[in-house]
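Taken in sequence, the protein lines are chains A and B.
Under the numbering used here, the residue at position 64 of the first sequence is numbered 64, and the numbers go up by one with no gaps.
For the numbering used here, count along the second sequence from 1 and bump the result up by 1000.
Errors might be hidden in some of the hints.
[To be verified] Derived CB-CB ranges, DEER-like:
id, chain 1, residue 1, chain 2, residue 2, range
1, B, 1491, A, 91, 50 to 56 Å
2, B, 1282, A, 23, 16 to 22 Å
3, B, 1492, A, 23, 50 to 56 Å
4, A, 91, B, 1349, 24 to 30 Å
5, A, 95, B, 1492, 28 to 34 Å
6, B, 1052, A, 77, 38 to 44 Å
Just so you know, the hints here were simulated from the structure itself, not pulled from any lab data.
Since the model is a prediction, treat every value here as computed from it, not as a measurement.
For every residue, glycine included, the Cβ atom is placed at its ideal position computed from N, Cα and C.
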Amino acid sequence: MPIGAYLIVAAAVFSIGLVGVMLRRNLIVLFMSIELMLNAVNLTLVAGSRMWGDADGQVFTFFIIVVAAAEVVVGLAILVNLFFRRGTVDVDVPSLMRS
Amino acid sequence: MNPLLDVSFAAIAPELVLTGAALVLLLVAITRGRPQLVMLPVGLATIALGAWVAIGGDLVPGVVLALLGVAAPVLPIVLPGRATLVQAWGAGLALGAALVLTLWQVGPVLGADGGSLVASASFAGSLASDGLSLFTRLTVYLSALLVVPLGYAYLQERRINRAEVESLILLAAVGMAVLGGANDLVTAFVALEVLSFALYVLASLARRDRRSQEAGLKYFVTGAVASAVLLYGLALLYVATGTLSIPAIGASITSVLVPRGVAMAGLVLVTVGVAFKVALVPFHFWTPDVYQGSPTNVTAFMAAATKAAAFALLLRLYLVAFPGLQAYWVPVLAVLAAATMLYGAFAALSQHDVKRILAYSSITHAGYATIGVLTLTRAGLSATLLYLLTYAVGTIAAFGVVIAVERRRRGEVTLTNLRGLGRTSPLLAGIMALALLSLAGLPLTAGFIGKLEVFRAGVDAGLTWLVLIGVLSSLVAASFYLRIAGIMFLDDAPEAVAVAVDGDGDGDGDDVEAMEAAEARMPLLSAGLSSAVAVAAALIVVLGLQPQLLIELAGHAGVLLR
């Protein structure tokens, strides 16, 4: 299969993630969408790595996987605390701050 | 040569000290009141390490390490039973050591090449030592050093001074400093995420304050999405060029072998991601909410240091990796910068919350600093670095005064609360006025020097229209800052007549109002707050009156590793 196909799949996955972030209001789904975007990046990097016959892209992928795990930890901590404060994980709850 | 052996400890000495200090402070926190369990062995080990380094020929880092090693067990003895104060002093000393080590790093290099800095790389080309990394370190460490004492009493009073605060500030500073020197995409990405994660936690530090929680959440979601978009852009650059090294990308991006479409897609995504991080209009919308909701000392740190770090990434990517594509990105960034300068200045006009006003001011300043990037010249680079440093000093002084007023009010600070501040605490109001004048860029302040240099570089590079927009935006902003100064000095103190604007709707503003007239008479300063604000104010004046040294340093530092 040509490398371009992998790039197109990755672009599609990334777009799904981006649309998910913009449309969905549930924070858990939002986090999942962000993960989708990061994994699309991983796919792109692995495809690029294969295309150039160069291992650097795959090394980058490992870094992204680790960072994504740390990101979820921080995000879920914020989310759990927010859930205890206001009893919902919906991002559309009216803001306390305004212009 | 085996690249695995290319470990240059000298190149990351300040970061090593800060990371070590952050870990030690966390360990001290879990000993629960018996800090010597950690401090004594760590102190002895550090003294031994310092002696070993000094004997090895590096006198300055050896002495610095030995002093830190002595300080570690002494601090808990001098401050018995004050665990949080030990943490703050420990963090402050580590940051001071990091500043000294930064100067030690560049001391011999500076002046070797007819006065200008010599760029070099370490860690198999992953980390650059050049003017950008030097100035990012200076700005970030100075900001952190000012912010730690600035927020100590404030955090204590809001009961959010938990043990991890200082460690997180140190780790965020490490991330920012490494971002300043990051010379390949992996290093840049990891450094960016290190500083972001620490700041997400710091922004939502006040667990019982819904505003802080909302700020943390907003910062997290926009930050994570921006990182993902930026990362996808970086991945596409790798696909297009086959290398992760930023200078190598810059060398090959114009080659005919590079698929133009993929490279352009990468450029667009990187631009969007970076514009989010430095808060350029229209990717700025998270800034006011995050700045308003976060604890004020964290806001000061974000405004001063994060701005410098994000601009370091922008400078490195656009001046090293993308100069070959300048025909595409210069017009786009110029339009974004113009929109940012105008929007920030005009949007601030209709705000009441002081932290929000300063947030819009930070947006405006991102626009000014972008002018320096767009020049693509050495002078422009120097001017941007200088600008970020002067902005950091000014904004920290302003937020310091906000903290002082906030402690008195025990709630958010609106323009109404500043009324009569010049009568009740003239010194505080004077410093606020000075900081605002510096942010507005009036002569004899540090901000003027930064703005002058950036505008001059812009005119020299033929960006006169952009500079004119910058001047217009500065005028609008200046009129507004002067109005705040007028509110502080000309209006009467809020006595019975004051009408509270209870912006949050949970009713905590109005009932405080009666007490406030009485409280308005007592200044609520702490030793840390006053010294940090005083140092920041002194820097504004000194840099404004004697700018030669800094301008010269910035001139020497206009060097990028390519």
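Taking each numbered hint in turn, which are not upheld by the structure, reported in ascending numerical order?
1
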